[in-house]
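A.B. asks: From first to last, the protein sequence lines stand for chains A and B.
The first sequence begins at 1 in our numbering and counts up by one.
The second sequence begins at 1 in our numbering and counts up by one.
These aren't lab readings, by the way, just hints derived from the structure by calculation.
Bear in mind that the values here come from a model prediction, so they are computed numbers and not experimental data.
Yeah, the Cβ is synthetic: ideal placement off N, Cα and C, and Gly gets one too.
Among the hints, erroneous ones may be present.
[Said to hold, decoys possible] Quick list of the computed label-pair ranges, beta carbon to beta carbon:
id : chain 1 : residue 1 : chain 2 : residue 2 : range
1  : B       : 110       : A       : 18        : 55 to 63 Å
2  : A       : 394       : B       : 162       : 34 to 42 Å
3  : B       : 141       : A       : 237       : 49 to 57 Å
4  : A       : 237       : B       : 173       : 33 to 41 Å
5  : A       : 181       : B       : 47        : 16 to 24 Å
6  : B       : 141       : A       : 258       : 55 to 63 Å
7  : A       : 325       : B       : 78        : 51 to 59 Å
8  : B       : 15        : A       : 394       : 40 to 48 Å
9  : B       : 30        : A       : 251       : 40 to 48 Å
10 : A       : 394       : B       : 183       : 48 to 56 Å
11 : B       : 162       : A       : 160       : 25 to 33 Å
12 : A       : 186       : B       : 166       : 52 to 60 Å
13 : A       : 186       : B       : 30        : 18 to 26 Å
14 : B       : 47        : A       : 411       : 48 to 56 Å
[Unchecked claim] Just so you have them, the derived chain A footprint on chain B, three or more residues with Cβ under 8 Å:
id : segment
15 : 25-32
16 : 214-222
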Amino acid sequence: MDHDSLADRRAVIRVPAGHDAFADATTDAAAAGDETATADEDVTVARVGPTGIGALDPLVTATADGETAFYADPGVDLTSEVAADLADGTVGATGDPLTVVDHDPDAATLPVPEDTALGVGLRRLLRGAGWHRPTDPGDHAAAGGFADAGLEDVVTAADGLVGRGWGDWCHDEDVSPTLDRARDAFGDVAVVVNAHGTAADALLAESVPFSVLEGADLLATALDAERVVLYLSEADETARERIETAAERYSDPETAFEVVAGPAVHRAAEPTMALEAIEGNHRLEARLRRPGELPVLDGAPALVHTARTVAHLGARVRDKLAGLTPAGRMDTRIVTVTGDVASPATVELAGTERLDAALEAVSVTGEFKAACVGGRFGGLTDSLAVTPTPFGLTHDDLGTEGVVEIVSDERCLVEFVGRRAQRAADTNCGRCVPCREGATQLTELLRDVYDGDYHRERIEELLRVMDGSSVCAFGVEAARPARTAMDVFESEFEAHADGRCPASVCFEPVEVPQ
Amino acid sequence: MSSDDLAGDVPPLTEDIAPGTATDPPVESDDAATVTVDGTAVDLPPGSTLLDAVEAAEASGAHDGGTAETVPALCHYDRAEIGPRSTCRTCMVETDSEGLVPACSHPAEDGAVVSTDAERAVEARDVNLDLVLSNHNLRCTTCGKNGRCDLQDAAIENDVEEPRYGVLDDRDQYEPIDDSSSFIQIDRNKCILCNRCVEACNDVQVEGVLRMEGTGTDTRIGFQNGAETMEDSTCVSCGHCATVCPTGSLVEKGIEDATTIQIPGFTQKNSVGKTYERTGESKGPMTPKKAAERTECESASEAERVDATAKETAGDERRDWP
Numbered sequence: 001m002d003h004d005s006l007a008d009r010r011a012v013i014r015v016p017a018g019h020d021a022f023a024d025a026t027t028d029a030a031a032a033g034d035e036t037a038t039a040d041e042d043v044t045v046a047r048v049g050p051t052g053i054g055a056l057d058p059l060v061t062a063t064a065d066g067e068t069a070f071y072a073d074p075g076v077d078l079t080s081e082v083a084a085d086l087a088d089g090t091v092g093a094t095g096d097p098l099t100v101v102d103h104d105p106d107a108a109t110l111p112v113p114e115d116t117a118l119g120v121g122l123r124r125l126l127r128g129a130g131w132h133r134p135t136d137p138g139d140h141a142a143a144g145g146f147a148d149a150g151l152e153d154v155v156t157a158a159d160g161l162v163g164r165g166w167g168d169w170c171h172d173e174d175v176s177p178t179l180d181r182a183r184d185a186f187g188d189v190a191v192v193v194n195a196h197g198t199a200a201d202a203l204l205a206e207s208v209p210f211s212v213l214e215g216a217d218l219l220a221t222a223l224d225a226e227r228v229v230l231y232l233s234e235a236d237e238t239a240r241e242r243i244e245t246a247a248e249r250y251s252d253p254e255t256a257f258e259v260v261a262g263p264a265v266h267r268a269a270e271p272t273m274a275l276e277a278i279e280g281n282h283r284l285e286a287r288l289r290r291p292g293e294l295p296v297l298d299g300a301p302a303l304v305h306t307a308r309t310v311a312h313l314g315a316r317v318r319d320k321l322a323g324l325t326p327a328g329r330m331d332t333r334i335v336t337v338t339g340d341v342a343s344p345a346t347v348e349l350a351g352t353e354r355l356d357a358a359l360e361a362v363s364v365t366g367e368f369k370a371a372c373v374g375g376r377f378g379g380l381t382d383s384l385a386v387t388p389t390p391f392g393l394t395h396d397d398l399g400t401e402g403v404v405e406i407v408s409d410e411r412c413l414v415e416f417v418g419r420r421a422q423r424a425a426d427t428n429c430g431r432c433v434p435c436r437e438g439a440t441q442l443t444e445l446l447r448d449v450y451d452g453d454y455h456r457e458r459i460e461e462l463l464r465v466m467d468g469s470s471v472c473a474f475g476v477e478a479a480r481p482a483r484t485a486m487d488v489f490e491s492e493f494e495a496h497a498d499g500r501c502p503a504s505v506c507f508e509p510v511e512v513p514q
Numbered sequence: 001m002s003s004d005d006l007a008g009d010v011p012p013l014t015e016d017i018a019p020g021t022a023t024d025p026p027v028e029s030d031d032a033a034t035v036t037v038d039g040t041a042v043d044l045p046p047g048s049t050l051l052d053a054v055e056a057a058e059a060s061g062a063h064d065g066g067t068a069e070t071v072p073a074l075c076h077y078d079r080a081e082i083g084p085r086s087t088c089r090t091c092m093v094e095t096d097s098e099g100l101v102p103a104c105s106h107p108a109e110d111g112a113v114v115s116t117d118a119e120r121a122v123e124a125r126d127v128n129l130d131l132v133l134s135n136h137n138l139r140c141t142t143c144g145k146n147g148r149c150d151l152q153d154a155a156i157e158n159d160v161e162e163p164r165y166g167v168l169d170d171r172d173q174y175e176p177i178d179d180s181s182s183f184i185q186i187d188r189n190k191c192i193l194c195n196r197c198v199e200a201c202n203d204v205q206v207e208g209v210l211r212m213e214g215t216g217t218d219t220r221i222g223f224q225n226g227a228e229t230m231e232d233s234t235c236v237s238c239g240h241c242a243t244v245c246p247t248g249s250l251v252e253k254g255i256e257d258a259t260t261i262q263i264p265g266f267t268q269k270n271s272v273g274k275t276y277e278r279t280g281e282s283k284g285p286m287t288p289k290k291a292a293e294r295t296e297c298e299s300a301s302e303a304e305r306v307d308a309t310a311k312e313t314a315g316d317e318r319r320d321w322p
């Protein structure tokens, strides 16, 4: 493919797409809405996607001659001055840049400033985030994208690849067996990329959509897929718009991409409910699963993988074509840190790193007390000294969704898990008894704690049944917050049963008679 | 009669039916299988589930007349076109190869070994049965299905004396009894959401009247035209829903007190204190104009979906805690 890349430009100022004032400050032409505009004959203004590091937003970078200056939230005036300096061939002299990084003059991926939050972990899938124009294929191509691969390349690359997130049909499992089943239906398969609801998937779709589309196209090529559907939440409008535009600009895909938005509710990310949403059912509920068989989309066998999974597949195929052996390849996990932090951050950690490394990308508000690891129905823990892989996380009964929600010491954990149980009761699909009625009764049992009735055995019995007999992962996972909180923070439950809230959140203060 | 009128009276096309339920895969076996249940080997034809195996073992008389433990399978209805819905999960059994599985919706694979008395399976069935009871008003003494109720039978067979989570006895939570139809009475306080009625209405009778609606604690059986009462629905009074209902939630009018224990002044109709009565307004032919009603249904569904989305995205803070 022949594409125009920013790597070929002499001087580039990268401003965040969606912040028109920054682009306006650098060039009138940019205000027209082009992703790329020329401020003068030497400086290119590029609108790039987010890096995932909220504390640095909006991030502006100025690049020339193998040097890049990083400015976190520089303001419009300073951006204008940075652009003017860049036109004079100067980088980093204006204002007070966060850092200036030396790099290859033709750098096609973000030159990582190791001394900032961008230096946390390693950027593999996120290597183009904040550096590439999201909907311009040139930058993705310059970074080695659009691999020319065949069936065997894809099958080999998929070997050992573990599905990321609860929206993946192969959640925490090797994707190869399902790929083999799909090969049996060669020519009649639907590829569904589920980017619904999880910050990491939405970030990939918003910032580096071609890495997602490429992964999907590789699967489509390997399987001669009949359909390729990109499925996102109605709430992630920017991600949806970007992936739609990128899909239109994707050069000669094996199968035309369809983009479908599903309702902005948590359960809509569950794979079978995602299929129901794509099929247009007005009410979403979980489907039964037949052991050992693929689900179907409008009658066709479907592969359902998250955006993270297919982006990993694309990266693996590129590695393979570059001659990297599996041993030389570094598998990563994308982790979003949110909750009681000044700004959320999405980082990419090596599988060998510990989750607490991700904390370096955020500023915790208050004292760290606990973390809910694994998304809405993650596990509560007081330590993040654990690897972000399924092996490490499930050992501690933590979730693998790639979300770490920080809970500060100003919050009450009994309230935290009570509200999660209430949310599960309110928002489950309503299909099966252990989830629908179980979450309701769990909420009641947790309310009883406030009346002095803390019966751990009764709660654990209910949680075992929710976990073991629910139709889908919603009910299975809804049991986890309470289960882990009782394991790690039981003293808080006991204190509430005694009428005390250690965080001083739950009970009205007793008035002392005068 | 114009052709439009004729079009309005014909049953809906199946693609216009919106039951609000998922499209499940077939869950029966492809091949004949021999399955061992609590030590008893049973032979099953293609198209069988593990529940068929359990029932075959029971029928074979093993263990003095049945399996080691009772498997209620409350929502199961052993007729083509209806189920398995696998919603109640009171059919959980332990298998050697795949652990705890719902017998009603798991294919009977050759060589499978099933235990009905495994600790986890017994616990799951018992807890799930109690969870069903927790949302059932259990006013058996005024119920027209007293003595012929699948839930009552299951509770008796499982020696349920005091359900773990109590029963639905909060009058504020009761839904009014829908007594607006001349033919069928609906008491949603007794509904266990097994979905048999929805499938009978849509998949067997192809009438497209009933649907599953709502989410979480608000899940209920409703009408596809958005009506609040049976009288305003497009019901043709075929009665199939009442035939398949396992509890006293859907009962034919005239026999709603047939098995009630007679206590002066207490009836099924006044048992919860709130009733939708028949308005008496004529709506023409017994079969309403479906085509017109269905147009309303589509817009109602969309509005409902948007409302539900807004409600669910409102965040954890929308309710007080504790």
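A.B. asks: Just to be sure I understand the hint, the distance between the Cβ atoms of residue 394/A and residue 162/B should be within 34 to 42 Å; is that true here?
C.D. replies: holds, 36 Å
A.B. asks: Lying within 52 to 60 Å: is that true of the beta-carbon distance residue 186/A to residue 166/B?
C.D. replies: holds, 55 Å
A.B. asks: Take the C-beta atom of residue 186/A and the C-beta atom of residue 30/B, compute their distance, and say whether it sits inside 18 to 26 Å.
C.D. replies: Given a distance of about 21 Å, which is inside 18 to 26 Å, the answer is holds.
A.B. asks: Within 40 to 48 Å: is that where the Cβ-Cβ distance between residue 30/B and residue 251/A falls?
C.D. replies: Holds, at about 43 Å.
A.B. asks: Lying within 40 to 48 Å: is that true of the beta-carbon distance residue 15/B to residue 394/A?
C.D. replies: holds, 43 Å
A.B. asks: Is 49 to 57 Å respected by the C-beta to C-beta distance linking residue 141/B and residue 237/A?
C.D. replies: holds, 56 Å
A.B. asks: Just to be sure I understand the hint, the distance between the Cβ atoms of residue 181/A and residue 47/B should be within 16 to 24 Å; is that true here?
C.D. replies: For residue 47/B against residue 181/A, whose Cβ atoms are near 22 Å apart, the range 16 to 24 Å holds.
A.B. asks: Between residue 141/B and residue 258/A, does the beta-carbon spacing fit 55 to 63 Å?
C.D. replies: holds, 56 Å
A.B. asks: I want to verify a distance hint. Is the separation of the beta carbons of residue 237/A and residue 173/B within 33 to 41 Å?
C.D. replies: Holds: the Cβ-Cβ distance is about 38 Å, inside 33 to 41 Å.
A.B. asks: Do the Cβ positions of residue 162/B and residue 160/A conform to the proposed distance bound of 25 to 33 Å?
C.D. replies: violated, 52 Å
A.B. asks: Between the beta carbons of residue 47/B and residue 411/A, is the distance compatible with 48 to 56 Å?
C.D. replies: holds, 53 Å
A.B. asks: If you count the residues of the segment 25-32 of chain B with a beta-carbon closer than 8 Å to a beta-carbon of chain A, do you get 3 or more?
C.D. replies: Check passed, 3 qualifying residues.
When each numbered hint is compared with the structure, a violation occurs for hint 11 only.
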